[in-house]
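*Asks:* Chain by chain, the residues:
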Amino acid sequence: MWMVDLLAHLEAYVAVAEEGSFSKAADRLYIAQPVLSRRIKHLEQHLGGELFDRSRRQITSTDLGVLLLPHAKDLLSRVDHLRQVATAALASTAHTVGVPPDSDPASLARVIRAGAQAGVTIGVRELPAEERASGLADGSLAFALLRVPPETAAHHVPLGLASAAPATRASGRRPVHLESLRARRGAGSESSPAILLTAEDEIGFAAERFDRAAARAGLPGGRVRRIASTATALAETLAGDAMLLCAEPFARRHDLAWSPLADPALHRGYELAQATLRVGSLDGSMLAWMEPLLAVAIGAVGGPVEKPTTADQGSSGPDRRSRLAAWG
Amino acid sequence: MRLRHPAFVASSAGLLTVAETIAEQWRRVGATGHLLARNIDTGEELGFDVDAPVPLASVVKAPLALVVLDRIATGALDPAMPVTIEPAAKSIGWTGVAGFRYPVTLAVADLVHQALTVSDNASADALFDLVGVDQVDERLRTWGCTGIRVRHRMHRMYECAAGIAGDDFGLALKLAIRDDAAGQHSIETLDPAYANVGSAAALVGLLQRVWLDQISQPEATAELRRLMALQVFTQRLSSDLRADTLRVSGKTGTFLHLRHEIGLVTADSGDRVAIAALTRSQRPASIAHDIDLAIGAAARSAFESLRR
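Those sequence lines, one after another, are chains A and B.
Quick note on numbering: the working numbering labels position 56 of the first sequence as 56, and the sequence is numbered without any gaps.
Quick note on numbering: the working numbering labels position 255 of the second sequence as 1255, and the sequence is numbered without any gaps.
No lab work stands behind these hints: they were computed from the structure.
Backbone N, C-alpha and C define an ideal beta-carbon position, used for all residues, glycine too.
Some hints here could point you the wrong way.
[Claimed, not checked] Pair ranges (Cβ atoms, derived):
(1) A/A207 / B/L1171: 16 to 22 Å
(2) A/V301 / B/E1304: 52 to 58 Å
(3) A/H177 / B/L1171: 22 to 28 Å
(4) B/A1222 / A/A207: 51 to 57 Å
(5) B/A1080 / A/D319: 31 to 37 Å
(6) B/Q1184 / A/T121: 55 to 61 Å
(7) B/Q1184 / A/E208: 22 to 28 Å
(8) B/A1182 / A/D319: 40 to 46 Å
(9) B/G1014 / A/D319: 31 to 37 Å
(10) B/L1016 / A/A239: 32 to 38 Å
(11) A/R225 / B/R1141: 47 to 53 Å
(12) B/D1110 / A/G221: 41 to 47 Å
[Said to hold, decoys possible] The calculated lysine to aspartate or glutamate pairs, modelled on DMTMM-like cross-linking and capped at a C-alpha distance of 20 Å, are:
(13) B/K1174 / A/D5
(14) A/K73 / A/E151
(15) B/K1174 / B/E1159
(16) A/K41 / A/E11
(17) A/K73 / A/E44
(18) B/K1174 / A/E208
One chain only, chain A, in its complex shape:
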């Protein structure tokens, strides 16, 4: 006898015992009475004894039937529990959101609570940018915040430089121009602080843009350092030897002074994407309440940036050919 078969037979047995009638039990289980009768008969053959006394007008349980009933009920309730756990587990993985590693935990908590109010289980996972994209593709994530160029992004997160030292200028929040970070002539031999980039700003186009902007601003390649771990980068910055490229809320959470990068093309851009290849269907309306909360968690300030300025001004104009010639 198959296990699933056994469970169906046990259901029939419990139903007849509780209803005291084959016809009522058949109604309860939505099966025809001959099917029910056959199941009871099979079960009695399997167990080696009769479960019901059919000699009288009213069906009654035999001693064996009375003895086995609590065990049968226990088995069925355990199977039911097993199904519930499976369903719940499926439901919770179905709503995992991939977020950047330096998101604000308190804001992420609001996303989870809002999910509970809406009756869905939300899980948040901090993942590197590439893994957020691949997680969406392989179905391990239901939603993910993806990096896109800031000029086309739904969410613009201003990037700036954070440092342990108090802001050098009284205004504090004046934008930072990369070329102002060049070593100062006549300032002695004191070394210029490194600029630390974490993994979130190390993805293809963003890293390329930053490298190019740094080179054009006259910064040597050694000034920019890649650190995969956000915690390590933060520690070095707090120790006072470096400047960390990060968003303002992150700097504020760690008591770092912060000034935005003047060139918005170097800022972060995000869009909230939903997995398309999913087992089961998801409610698209989740995006509506989730997106504003996630935008707060990553420190977004609005839509796409107005005008990226990383354009190579020197490559246009009448003198552009001269740049390819030898010169003084």
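With chain A's structure known, arrange chain B on it following the hints.
*Replies:* Just chain B now, with coordinates in the frame of chain A:
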């Protein structure tokens, strides 16, 4: 950055330390290169990787000028001869006649002036056309300048860069940097086998002979010394050697990722140090102020450690 130690040359342990410090400073700003500094009176010197042939860019205008001035000194060429340069046919460049919008007629001697003082590509190529690229190369060989090869006009550098990158400076720069790493050159004028090249040792040797009147004619070397002292560019060798008591007579060279200068530092005290600084970098930038300053810092520490 190639993880390879430079081959140092130094007349003493103290000078070796100076050379090592300079190489480390260059490495820190992202420049690799070749340096030789020599006190032309004592012969003491310091440097590294002095024998490798390096594409010269505009540094080649110095040996070109010497050959032209030699022709003038021997009477083979009239310094007052007028040469007309038409805008449509002239070589590309920013400064001097290369940047002019209308036809201009200059005397041969003044073409030399333009080529050296403001690194004018059009004037330099007019001189190349006058004496011939091959003749310049041959004259240098008869003088025994074996480490210097002259193989093309100035405009050839633009043609090769634009030929592969269109007018996209960023792309040409990217290719130059990539080719350096690969050791295969898609821009012919960056390939030591086809470019105008010189080693730091050969260039310092040339400067030394010019300043000691051991090459060409005294009238020619004197005029070359006079014109090199009039160079307007001060961002490299001179950047930390500017004082009333010091004088830097130099010729810069810049092309894509190459930043060079050769020159002679002379002091009121009589000290004379010849320097060749030839660099390349991996930074995708047209202007690298810190590399220019690192060349200047190298020139200053070399001069101060080599002077008596």
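*Asks:* Which earlier hints turn out false for this structure, listed by number in ascending order?
*Replies:* The structure breaks hints 8, 9, 13 and 14; every other hint is satisfied.
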